[in-house]
Amino acid sequence: MFLINCPYCGERDQQEFKAGGEAHIERPKQPTELSDDEWAEYLFMRKNIKGVQFERWNHAHGCRKWFNMARDTSNDEIKAIYKMGEKPPTQ
Amino acid sequence: MTQNLRVKSSEFIDETNRISFKFDGKTYYGFKGDTLASALIANNIHLVGRSFKYHRPRGIMTSGSEEPNAIVQVNPNSNITEPNARATEIEIYEGLEASSQNCWPSVNFDIGGINNFLAPLFPAGFYYKTFMWPKSFWEKYEFFIRHSAGLGKSPNTRDPDIYDHRNIHCDVLVVGAGISGILAAKNAAKNNFKTLLLDEKNELGGSTIFEANEDNKINHNSASEWLKKEINELKNIKNLEIKTRTSVAAYHQYNYLLARENLTDHLVKKDKKNKIRQRLLKIRAKKVILATGALERPLIFNNNDRPGIMLSSAIKKYSNFYGVACGTKNIFFTNNDSAYESALSLHNKGIKVEAIIDIRENSDAKIIKKINDAGIKIYWAHTIVDTRGYKRLSGVSIMKLSNDGTSVTGSKISISCDCLGIAGGWTPAVHLYTQSGSKLTFDENRKIFIPKTDTKEQISVGSCGGDFELDEIITNLNYKLKNFLNINKTDFEGITLENDHETSKRNIWLLPSDQTIGKTKPFVDYQNDATAKDIKLALREGFRSIEHVKRYTTTGMGTDQGKLGNMHALGIIADTAGVKMGELGTTTFRPPYTPLTFGTIVGRNVGEFFDTFRRTPMNDWHIKNKAEFENVGQWKRSWYYPKEDETMHQAVQRESKAARQSAGILDASTLGKIDIQGSDASEFLNRVYTNAWSKLAIGKCRYGLMLNEDGMVYDDGVTTRLGENHYIMTTTTGGAANVLGKLEDYLQTEWPELDVYLTSVTDHFATASLCGPNSKKILNKIIPDLDLSDDNFPHMSFKEVLIDKIKCRIMRISFTGELSYEINAPASYGEAIWQKCIEAGKEFNITPYGTETMHLLRAEKGFIIVGQDTDGTMTPIDLQMDWIVSKKKYDFIGKRSLYRSDTMKEDRKQLVGLLTEDPNIVLEEGAQIVSELNQKPVEMLGHVTSSYFSPNLNKSIALAVVKDGKSMMGRKLFIPMENKNISVTVSNTVFYDEKNERLNA
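Quick mapping for you: the protein sequence lines, in order, are chains A and B.
Each residue of the first sequence is one higher than the one before, starting from 21 at the first, in my numbering.
Each residue of the second sequence is one higher than the one before, starting from 3 at the first, in my numbering.
These aren't lab readings, by the way, just hints derived from the structure by calculation.
Do not rely on the hints blindly, as some may be mistaken.
What the hints assert, rightly or not - Estimated spans, in silico, between C-beta atoms of each pair: (1) Ile-170/B - Thr-93/A: 52 to 60 Å; (2) Val-581/B - Thr-93/A: 23 to 31 Å; (3) Asp-163/B - Leu-54/A: 27 to 35 Å; (4) Lys-67/A - Lys-891/B: 28 to 36 Å; (5) Thr-93/A - Ile-278/B: 32 to 40 Å; (6) Asn-607/B - Leu-54/A: 53 to 61 Å; (7) Asp-16/B - Thr-93/A: 51 to 59 Å; (8) Asn-607/B - Gly-30/A: 21 to 29 Å.
Unchecked claim - A few chain A positions that, by computed beta-carbon distances, are all more than 12 Å from chain B: (9) Cys-29; (10) Pro-48; (11) Lys-49; (12) Lys-67; (13) Ile-69; (14) Val-72; (15) Gln-73; (16) Asn-88; (17) Ala-100; (18) Gly-105; (19) Pro-108; (20) Pro-109; (21) Thr-110.
Said to hold, decoys possible - So these bits of chain B aren't anywhere near chain A, every CB distance computed over 10 Å: (22) Lys-55; (23) Lys-196; (24) Val-270; (25) Asp-375; (26) Glu-446; (27) Trp-623; (28) Thr-751; (29) Pro-754; (30) Val-887; (31) Asp-893; (32) Ser-899; (33) Arg-902; (34) Val-924.
C-beta: ideal position from N, C-alpha, C; glycine also.
Chain A on its own, in the form it takes in the complex:
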């Protein structure tokens, strides 16, 4: 059970949060211009890596804000937490 430092509320138990999948996948601005393959890439393809992964999290039972997290999937170490719109930290 993680201890997550919500950028708006501070440290809270993982129970209060909802994971939202891979971060930094922007919704295409002009979907109709995309081929089926390009749209499928956006819609379905997600990374599942061993190592540091960038993820979206939502403080669902708290402030309801979305934010980003850099998490090492091999040991669940949370490397960084940053707000939506901010750039991912460089390692």
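Dock chain B against the given chain A, drawing on the hints supplied.
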């Protein structure tokens, strides 16, 4: 029966408090402080169970939670009996009843014992190998396998006990209250850390507290006496909370631990009453100190499982702590010095020790001299090659070990005994450490896995960290504590320490016998009856990974999770395969460390507290009017209102007719309501719904369909424009929270530039939906001032009105196809407004109806229910709702997906109507649909999603999703059921009032 094996009064046992208990139906006596195991041994009972596979007689082996054999059924004659309890952990109380498991008719005469003689027929993987052929026989085999599977019997009524959860936040958590844990906790608390100390036993002090080794001294005192003083001082320390009988079950990331606190299991029945039985502690600790100690290893030799064969350390605990001798003629078998301490303990209490068999060539420890002085014979470099005695050990045969330890030489010596203590060394209890995600390293010299790293948040101290001797333990503890707690000094720094040192080591994972291995039974996992032979067989058959060998042989898969034998299994694999143990790795130690009851896990969340439920403001009225309820999401919704002895079908038929012929009223308060405000509210709706919203006039309502980005229908509902920048959206009852979450997600992450604010107002409004041709007249009675003409208040529009000075929103919208008004009142006035409608409707025989009638009425009109007629694979096109998908809008959620090759296929499953050939047959929802009856295998074209008997049409109607359904209008299909085939015809989805004339009736 006399307590003929009590040897000496012990300070931990209250001999003035005699307790009677029953085991296998017979009454015995023990004392306050005894465990079931110590009390049974005091009564000279070792045989307590039968093994899982071979039904071999098994006795008490250990004195703690690692016990593999002595697992018993508690309260066997009760409906709430508990299986698989460890006799070594059950504290006896007056009235305790327990019985043996896995034996029939009794533990002394067990029919299943025949398996022992059939053992050659049950090799590793027996089930996999035997029951595969012929395939069609599986069902017959299954019956017998199920019959013989499992240990113990489960309770068959609801657990009447109370369980609880508690959250604890502390600075320092210390797990284990042996000498290391006590010193660590004391120093943490003294340095102002809020400290929690947990131990699974009922007494603090671990193994040091009952130690009687005169060579172990602290400040020139015996170590046990010194520790007792330390324990006494704990009482006066602030910041320290101590919990005994509390076993840590799991250690998760970020120092989150779960522990089970046992509160009443040791109490007599009347003291248990109305008390919490167990509490699950959910602990978040800033720092964790693991002081979980070490588990003694057995030795693996031929027939090492007979009742009377025990761990050497357990024999010491029974004699020193419980004052009980485990046998009258004892032998010890060892590869290290610790067995000599146990032997000396017994000897000093006048219990006969016949001999010590040591696989080592010699030892120069001081204690050896004492053993020699005591006249106890030591057989150096010998091993046990066999044991005798079926239900109780009667003797052993020993032979000299060859130099390389792989074979035996010389002549066989036979020694008789009734108790054998085995000492195979110590395994650090690293279970919790590895659960936390930390890694182990293998110490080749000492043959143990030890923690690789200490971190800022976690250290392992004492024997779980690989320190076994007193001076080593205390010195390392002092050093580690100072670093970990960042303190200058501990209060035990500088104490003088004296102890013996072990210098001679010899480790043989599988001890040889004079017989070939095929003829021996060297048990590695006692509970699952896995032998060294099975492991070797698995390797011969090609298994290499330790995880595979474990599963194939079931080694380490019992309730004890291989606490005793796992290291030997690894060692035997390494030796046989010729690899290093460090390279082999270990199997995964999974939580819980000891089993938890379900009661503890769920705590208070049982029965009506299992999940929160929500009731509408009109709930009391529904109850008064005998409504039956159904669960919709977390809501309790009125399902139907039976009159007198009406069946559900009769009630629904009556309600449905009344709503169409005169007037009905439905509690629609549960629909999700989201208040949307902001200058970009219209643009926002344009992006989330499939249809266009910019031109919706203020005061008008519109139905909207929401998709997922994959083009599949996600939710639907009517949204009303209350003002220029103000909308109220309704969602499905079950979807409300998810819809709000999804909309927030888009607003925050994809479209942060939009000026839109979302607020959930579901609970703020109660909704009474008036429906039927007379609903206008009823509403007119309630609000005479309001012009209800179609010109002033047309279908799909909204008015804000005052009813008795209460501000209400009225939407003229319809989910039934009838003229219909939804009155939204502030929640606290919900019941009053509802009551008012009922009063006003009396002269029109207004009929309250529930969700079932609502479903029926909407099905007559072909209106979908998201989640019933859709399942996350239906596009609006599949639902024949093309009309609601805007062609003009450039984009909305899911739009692009509607043009994917897959979603544009003509023959997708599509929503259609079904009419049965016999209008009285009502189809089953979920029933499969086929076009051919005699074809094998037959293609399933789809399934029935909604099905009712329509009283207004006087025939059965159904909605279904059918492959290529749109092109099948008028075609005959079949619904094959268990006893009959039902013929149906594909029809339009709208069965009633196709021209929508009734909306303005």
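Against the structure, the hints:
no.: 1; hint: Ile-170/B - Thr-93/A: 52 to 60 Å; verdict: violated, 29 Å
no.: 2; hint: Val-581/B - Thr-93/A: 23 to 31 Å; verdict: holds, 29 Å
no.: 3; hint: Asp-163/B - Leu-54/A: 27 to 35 Å; verdict: violated, 59 Å
no.: 4; hint: Lys-67/A - Lys-891/B: 28 to 36 Å; verdict: holds, 32 Å
no.: 5; hint: Thr-93/A - Ile-278/B: 32 to 40 Å; verdict: holds, 38 Å
no.: 6; hint: Asn-607/B - Leu-54/A: 53 to 61 Å; verdict: violated, 46 Å
no.: 7; hint: Asp-16/B - Thr-93/A: 51 to 59 Å; verdict: holds, 54 Å
no.: 8; hint: Asn-607/B - Gly-30/A: 21 to 29 Å; verdict: holds, 27 Å
no.: 9; hint: Cys-29; verdict: holds, 15 Å
no.: 10; hint: Pro-48; verdict: violated, 8 Å
no.: 11; hint: Lys-49; verdict: violated, 9 Å
no.: 12; hint: Lys-67; verdict: holds, 18 Å
no.: 13; hint: Ile-69; verdict: holds, 18 Å
no.: 14; hint: Val-72; verdict: holds, 16 Å
no.: 15; hint: Gln-73; verdict: holds, 15 Å
no.: 16; hint: Asn-88; verdict: violated, 9 Å
no.: 17; hint: Ala-100; verdict: holds, 15 Å
no.: 18; hint: Gly-105; verdict: violated, 7 Å
no.: 19; hint: Pro-108; verdict: holds, 14 Å
no.: 20; hint: Pro-109; verdict: holds, 18 Å
no.: 21; hint: Thr-110; verdict: holds, 22 Å
no.: 22; hint: Lys-55; verdict: holds, 37 Å
no.: 23; hint: Lys-196; verdict: holds, 16 Å
no.: 24; hint: Val-270; verdict: holds, 37 Å
no.: 25; hint: Asp-375; verdict: holds, 54 Å
no.: 26; hint: Glu-446; verdict: holds, 26 Å
no.: 27; hint: Trp-623; verdict: holds, 32 Å
no.: 28; hint: Thr-751; verdict: violated, 5 Å
no.: 29; hint: Pro-754; verdict: violated, 7 Å
no.: 30; hint: Val-887; verdict: holds, 14 Å
no.: 31; hint: Asp-893; verdict: violated, 6 Å
no.: 32; hint: Ser-899; verdict: violated, 7 Å
no.: 33; hint: Arg-902; verdict: violated, 5 Å
no.: 34; hint: Val-924; verdict: holds, 40 Å
Comparing the model with each numbered hint stated earlier shows that hints 1, 3, 6, 10, 11, 16, 18, 28, 29, 31, 32, 33 do not hold.
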